[in-house]
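Colleague: Given next are the chains, with one letter for each unit.
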Amino acid sequence: MARAAATLAPEKGTSLWADAWRRLKRNRLALGGAVLLGLVAVVCFVVPVVLGLDSETTDPANSFHPPDAHYPFGTDNVGRDYLARVLVGGQTSLLIGVAATLASVLIGVFYGSLAGYYGGKVDEVMMRIVDFLYAIPYMFLVILITLQFSKEARGNPLPIFFALGMVQWLTMARIVRGEVLTLKNREFVLAARTVGAGDLRIIFRHILPNILGVVVVYATLTVPAVIILESFLSFLGLGVKLSWGVLVSEGVGVVNPIESHAWLLLLPSLFLALTLFSLNFLGDGLRDALDPRTRR
Amino acid sequence: MRLSSFQGLLLTLAAIGGVFLLVGMPPIQAGFIVLGLALLALPAWFSAPVVRVVGGALLAAVLYLFLRLPLPPALAIVLAAAVGFAAWCYVPPRILRRVCVLVPSMVLLVYVTSLLMYSAPGSPFAQEKAASDQVIAAKRAAWGVPESPTEFFKIYMTRVLEDFDFGPSLTVQGRSVMDLLGPAFPVSMSLGLTALVLACAIGLTLGIRAGLRPNSFADYSSMGLAVIGISLPNFVIGALLLMVFALSLGWLPVAGWGTYSHLLLPALTLALPYAAYIARLSRAGTIEVMQQDFIRTARAKGLSEREIVFKHALKGAILPVVSFLGPAAAGIMTGSFVVETLFGIPGMGHWFVKGAINRDYSVVLGTAIIYFSIVIAFNLLVDMAYAWLDPRVREDL
Amino acid sequence: MVRNLLGILAVFAAALLLVAFTFSATVEERAAFTYVSGSEPKSLDPHIMTGQLEGRIADALFEGLVVRDPRSLRPVPGVAREMPEISEDLKTYTFRLRPEARWTDGSPVTAHDFAWSWRRLQRPDLGAEYAYIHHMIEWAEVYNTYGVQADAIETASEDDTSIFEALEELREAHPGGVEAAAWQSFLAEAEVFQSLKGVGDPVLVEGLARSEGSLSQSELERFQSALRTEGRRRRALFERAEAHYGIDEGMWAEDDHTLVVQLVAPCPYFLDVVAFYSSHPVPRQVVGVQDEEGLYVNEQDWFLPDKIVANGPYRLQRWRVNDRIRLVRSPTYWDAANTKLDTIDALSIENQTTALNLYLTDAADWLPGNYPTDLVDQLEGRPDFYDTRGLGVYYYRFNTTRPPFDDPRVRLAFCMAIDRQLIVDDVMRLGQIPAFHLVPPDLADYGYQRPEGRIRFDPEAARRLLAEAGFPEGRGFPKDVGILFNTSESHKKVAEVVADHLRRNLGVEVTAYNQEWQAYQATTQKLDYWLARAGWIGDYVDPNTFMDMWVTNGGNNQTGWGDPVYDRLVRSAANIDLLVEESESLFARLKEPEQARTLLAAYRDATTDADRAAAGAALRMHCFREGEAILFQDAFPIMPVYYYVWSGLVKPHVRGFYARLDLGGGTEGANLQDIHPLRALWVEK
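Protein chains in written order, with the numbering used here: chain A, 1 to 296; chain B, 1 to 397; chain C, 1 to 685.
Worth flagging that the hints you see were computed from the coordinates, not collected in a lab. Possibly wrong hints are sitting among the right ones.
[Unchecked claim] Once the Cα atoms are required to be at most 25 Å apart in a straight line, the calculated DSS-like pairs of lysine-lysine come out as:
#: 1; chain 1: B; residue 1: K129; chain 2: C; residue 2: K42
#: 2; chain 1: B; residue 1: K301; chain 2: B; residue 2: K315
#: 3; chain 1: B; residue 1: K139; chain 2: C; residue 2: K651
#: 4; chain 1: B; residue 1: K301; chain 2: B; residue 2: K311
#: 5; chain 1: C; residue 1: K307; chain 2: B; residue 2: K139
#: 6; chain 1: B; residue 1: K139; chain 2: C; residue 2: K340
#: 7; chain 1: B; residue 1: K129; chain 2: B; residue 2: K139
#: 8; chain 1: B; residue 1: K139; chain 2: B; residue 2: K154
#: 9; chain 1: C; residue 1: K340; chain 2: B; residue 2: K129
#: 10; chain 1: C; residue 1: K591; chain 2: C; residue 2: K340
#: 11; chain 1: C; residue 1: K651; chain 2: C; residue 2: K591
Isolated chain A (complex conformation) (with noise of 0.2 Å):
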């Protein structure tokens, strides 16, 4: 799709995107979310490779161990270095938010032009599936998915992207949808079909590089939803076994009136809470920049 895009509708392709960029330009807090994100995403990635951090080596001796110049983000409950942890942890909500973006993307992407290029009943029967899937509780769907594979997947976070991920298409598969409806009956989609063009190839080289402004938005939104759903997952303990998400719901049992060990909820809440915020900051940002819409 990436090479599609590339290739197709030069100039059109380029006005569009470079009028995109002026305006994301604009939007302080969009950049400002962008750069954070690369650099939360570069500090979990290269950190704990660069430094051997070890999320996994127990010293229950050394537990509850304030942040010092040692330990610079403490220990957990049994002693674990808490910055490997956080920083590892921060790898899997990552790859968990973008492989499950990504396969709802595929999957709506696909189910979603189909159903806007072909219309009339196709449409109509598609968007009822659609409807009927929305219509089962999806935090339900997700617990059943994970349940089935707990055994094989052994906190392995495979599993979770499957089941995010399948509950996740039904939105992209509507706005891919919508967004393909109102261009099919556009010139070039019309002048392509009297060349003689098949579907397919007028779906995939000349309606997707078009809509797919909206696709990068939406899926931008996506990413912070599925980690807060991971986050949810692992409070219910149906996580994986080690991401913000669970690090986030142990601790949470600090928060009573008994003090105690602040760091272990502050800190990946803080994690997360940047990632998320850029993401959603980058995703209204890229939103003002591309989606016709809201476009001047």
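Since the structure of chain A is provided, determine the placement of chains B and C on it from the hints.
Modeller: Just chains B and C now, kept in the frame of chain A:
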């Protein structure tokens, strides 16, 4: 060769069935699902008169199921038939088409949910000490939960259709699904409504404030505030609110249900993520409206900024929010598990999660049906509100 | 228009809210005593319930023949007027009931109620999980299980063909005799053979144990006819038990106020069992109501507030699911004058932080253990914190059917590679005792001396063992081994530390992973795990409650391990007379056969009942010692970690609460089973 859409449908259904068979699903189950999907799809090919007849008949049938419990059967039949006939005559086909889809959807929902439940490891009859096969078999028979999901589906549907009985809970002894969900429903309803109102109030205020001056400090600060709601998991926000207002300041109780003071913190916790979405939607809506020509005209006419905001911006802000309210309401009323656990509230969210986790099949189906009904009901309400707000939509409803 | 809409919506929402809220919320005054019960009770039927939190409420609602004295937890008279009369041979108990005991509907509590209730506990179609707790009573086990087993032999196997048809098929398929391996897998497939373990018929015993060579047609034929006989024998016995158990055999009501109980063999903990909630009486007048077809119409819901009739110090006033259970003082209770609390609220709160917050803001008076375990350090110093050693062991099961854990050396290596002292000192932090055996040390006070075991913390020796088993430095050890635990913060901590110790001390890669309770149970019962966390809390103060779990294919075994010698030891401990006829085949395989022989001789030659009883008790303990020696010198089907400690928070104004028991004469004891009867509590402000 181009396929007609009907041929396409048949082909797709066959393909779906084939895939199910390939991944090892028993033929009966694959058949059932394909059949359900076909029924779901079929009304698209009904012409308006057919839709009227089928929709009216289905409406009458459903109504009869409800009416026959309090009324004598003859009267119930007559009443149901009358309503069905009236629907055939007066209700627009667009709505009747929905009815045609709704009934198979509900049945398919029950079947698919049963399949999912059965495929999860563990059974509602699991106990710590392994029981003999005979004891388990006796329990399965007594509770109407046979080994096969299709058999279970048959028993369940018969029970629902004949007695409107959603079955006994399989894990809370002595309680029916109605006993569990009945008292929880008003609790979730009051919690959800309060949260919804709070979410609208907070979200619209922040969203409109941000949308009136995009990319200004007002925009950034409002949206920053709103986005907090979706930047931290619910349970963290709830715990922090609890820490401040209940434990440090001691203004509100830490947990429980009984007075209005018990309502505030959980409702706020529940509302914040929704407030964030509403703020985002209403901001976009406001921006769009404020760029329209008629605002310029209004300004030129000398309307005060206040009037402009209230007369036009508000409408622009609300329209996108209204369509969000349908799914939001369903989510807010049923998805409050975290808030309920944190604040010790006996609501419905508990059963959505615990039903699945405890493999309480009948509770799971009960919650699925409630969720489904709430989604349908709110979508209908939203459509009506939309039509009322936006005359362009009214014609096609 | 928008403003109108908003106005209408607001009014609508407000009205709806008002209605819904008033409908759902009933403001109640605070109960005289409130405690955090934990999760929602699954049942209040004393015969069905299995949990401690349910039992606590059941003990307030119902009263058994004997109850526990809150200070010492020793059995004292309850519905029984005085302690039972026990026959010289310790096998017959006669309880005389107080004539003034009443049900809440005013009718007297009679011996017939007890006989009926105890019979109900064994009813095969009730499927009570705790039925086995009465199996020391004559005919109880026969009534409870033999009918089902006879059915199983006569009719069902996997696909509903009778087991005899399956046997015929097997014989036809192998005209030249069946290889032992094929035979054993045939046996494993049909569950019916598992209920035959412990059967007396020599043909069946030999057939079931057959693991070498092949079985000829004639052998199979003999096995088949022995099986048929066994089925018929069980059917006949069951029919007899069905006709007589609770009526005139096993236990029965002699008259309205006399209950006679006959035990199979002397049972030192029988009165503990009588005080246990499974022995509570249930109201015959409600539970026993049958429709025309003979179905018990109230069986599933007789304990709900609008139906329940009970005989204990408290009545069930209200039960709001997921909120609270409200108990009020019962005016019809015979000793109502000494029930001090007017109302008790049991809160259903699962979240530990919420539970602690409620306690700390004075919304609850007692928090039995449900606090976040990470806060132990902070809570331990408080004056309202209590802790006491518990009668429970925390351990990991090995799946002994899955390589490499089918090798006892690997199991022992694992057992020796974890530092238990570190786990109790720095992870659990409540002064738990590291466990190297199964039976908790406190049972020593009750006459039990543990044998030497081979488990200790010794990474060097562990590595050597693993190398002997073919995995030097962990090389070649499967990479996918997992440590299963049921979802809980505290289990997670332990499992992660254990995994880390195994990794560091043995060089094996193991992953800790969790499943929620329902899936966890299915997984362990299907033996679909490598290592699985478990805990066992004694039902009564006797080694038997720990030892009888590990008999071959026992419901709580779930390790796939079994040893006929061990099975015989546990069976003999329950009934020493089994040893009198034939003991040498067993004793020859023991670690200390001489001692066993001496004790048996003393038992056999005793001249007085008292001597005989003393020798029998000593021999019984010896059986347990030998059994535990098998577990921890040879087999290691489990990896013990630590013995439990109970702890909690209780407000200082709560009286009648004994974290430490007062055993009289100035001696104190641990409240091993964490029992704090609600009926004994009062509040003094």
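Colleague: Look at each hint and say if it fits the structure.
Modeller: Tested hints:
1. Taking the CA atoms of K129 (chain B) and K42 (chain C), the gap is near 16 Å; set against the 25 Å cutoff, the hint holds.
2. Distance check on the hinted pair: K301 (chain B) and K315 (chain B) sit about 19 Å apart at the alpha-carbon level, within 25 Å; holds.
3. Taken as a hint, the K139 (chain B) and K651 (chain C) pair is broken in the structure, with Cα atoms around 43 Å apart against an allowance of 25 Å.
4. Straight-line distance between C-alpha atoms of K301 (chain B) and K311 (chain B) comes to about 14 Å, which keeps the hinted pair within the 25 Å bound.
5. For the hint pairing K307 (chain C) with K139 (chain B), the CA-to-CA distance comes to about 23 Å; that is within 25 Å, so the pair holds.
6. Restraint check for K139 (chain B) and K340 (chain C): the C-alpha separation of about 41 Å exceeds 25 Å, so the hint is violated.
7. A hinted pair counts as satisfied when its Cα atoms are at most 25 Å apart, and K129 (chain B) with K139 (chain B) qualifies at roughly 15 Å.
8. Proposed proximity of K139 (chain B) and K154 (chain B) is supported: the alpha carbons are some 18 Å apart, at most 25 Å.
9. Between K340 (chain C) and K129 (chain B), the direct Cα distance comes to roughly 37 Å. Violation of the 25 Å bound is thereby established for this hinted pair.
10. Simply put, K591 (chain C) and K340 (chain C) have alpha-carbon atoms about 54 Å apart, too far for the 25 Å limit, and the pair is violated.
11. Of the supplied pair hints, the one linking K651 (chain C) and K591 (chain C) is violated, its CA atoms being roughly 51 Å apart against a limit of 25 Å.
When the structure is compared with the earlier hints, violations turn up for hints 3, 6, 9, 10 and 11 and for no others.
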